[in-house]
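Chains as they are written, first to last, in the working numbering: chain A, 1 to 113; chain B, 1 to 114.
Calculated directly from the structure, the hints in this document are not laboratory data.
Misleading hints may appear alongside valid ones.
What the hints assert, rightly or not - In silico DSBU-like pairs for lysine-lysine, Cα to Cα no more than 30 Å straight-line:
| hint | chain 1 | residue 1 | chain 2 | residue 2 |
| --- | --- | --- | --- | --- |
| 1 | A | Lys68 | A | Lys49 |
| 2 | A | Lys58 | B | Lys13 |
| 3 | B | Lys13 | A | Lys49 |
| 4 | B | Lys13 | A | Lys105 |
| 5 | B | Lys13 | A | Lys68 |
| 6 | A | Lys68 | A | Lys58 |
| 7 | A | Lys58 | A | Lys69 |
| 8 | A | Lys49 | A | Lys105 |
| 9 | A | Lys105 | A | Lys68 |
| 10 | A | Lys69 | A | Lys105 |
| 11 | A | Lys49 | A | Lys69 |
| 12 | A | Lys105 | A | Lys58 |
All values derive from a computational prediction rather than experimental measurement.
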Amino acid sequence: AQSVTQLGSHVSVSEGALVLLRCNYSSSVPPYLFWYVQYPNQGLQLLLKYTTGATLVKGINGFEAEFKKSETSFHLTKPSAHMSDAAEYFCAVRTGGNNRLAFGKGNQVVVIP
Amino acid sequence: DAGVTQSPTHLIKTRGQHVTLRCSPISGHKSVSWYQQALGQGPQFIFQYYEEEERQRGNFPDRFSGHQFPNYSSELNVNALLLGDSALYLCASSLGTGSMREQYFGPGTRLTVT
């Protein structure tokens, strides 16, 4: 079964510093990978996705992620954190031949002024 | 265009009771999926409906059931509520069930079981 692992439930980053959230996946088929963001009391918003093609994927709000098959990773980065980036971030993988998603446990990002 | 809408926003129930949550997909979307997000956890897939049929089901007991109507809106029903059913329930809609079909999430219904 496909799954993702996100380590470090809480991540603190200084405003203006690099944001790095790690995601490793397990998949028996070529993976489709996603990062979602969840603001307090809201649903999930898609940040970016990898399906096929270019391994460096750019998303909204200045985020990007790189698919590395050899490392089974899909880490999320943003060069300079902004206060508005404080939220919970989830990595997810498509399971099987459909669009059902398996999510990691999430990273709660705190931005320190 | 309106996004995915869910009702109610919040709900408090007592153990043993029954609850119905509702979801209206984006116009034109025929597939609705339901996810349960417990506090501090990622969402877990409950089931998916497409054209009024349950197409897939996650590892949830039969107390969790659903329905999709001809207008593609959907209900999630939970019987014999347990304290552990307290969670945020998310609905997601998509054009179809194909792997390339992006899911769009609603704001969720926060269920508290006391």
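Now for the hints, and whether the structure bears them out:
1. A:Lys68 x A:Lys49: Cα-Cα ~13 Å, so holds.
2. A:Lys58 x B:Lys13: 42 Å, violated
3. B:Lys13 x A:Lys49: 37 Å, violated
4. B:Lys13 x A:Lys105: The hint holds at about 26 Å.
5. B:Lys13 x A:Lys68: 45 Å, violated
6. A:Lys68 x A:Lys58: 15 Å, holds
7. A:Lys58 x A:Lys69: Holds: lysine 58 of chain A and lysine 69 of chain A sit about 17 Å apart, inside 30 Å.
8. A:Lys49 x A:Lys105: At roughly 18 Å apart (the allowed maximum being 30 Å), lysine 105 of chain A and lysine 49 of chain A satisfy the hint.
9. A:Lys105 x A:Lys68: Holds, at roughly 21 Å.
10. A:Lys69 x A:Lys105: 21 Å, holds
11. A:Lys49 x A:Lys69: Given pair lysine 49 of chain A, lysine 69 of chain A holds - Cα atoms ~15 Å apart, limit 30 Å.
12. A:Lys105 x A:Lys58: Given that 30 Å is the threshold and the Cα spacing comes to 23 Å, the pair holds.
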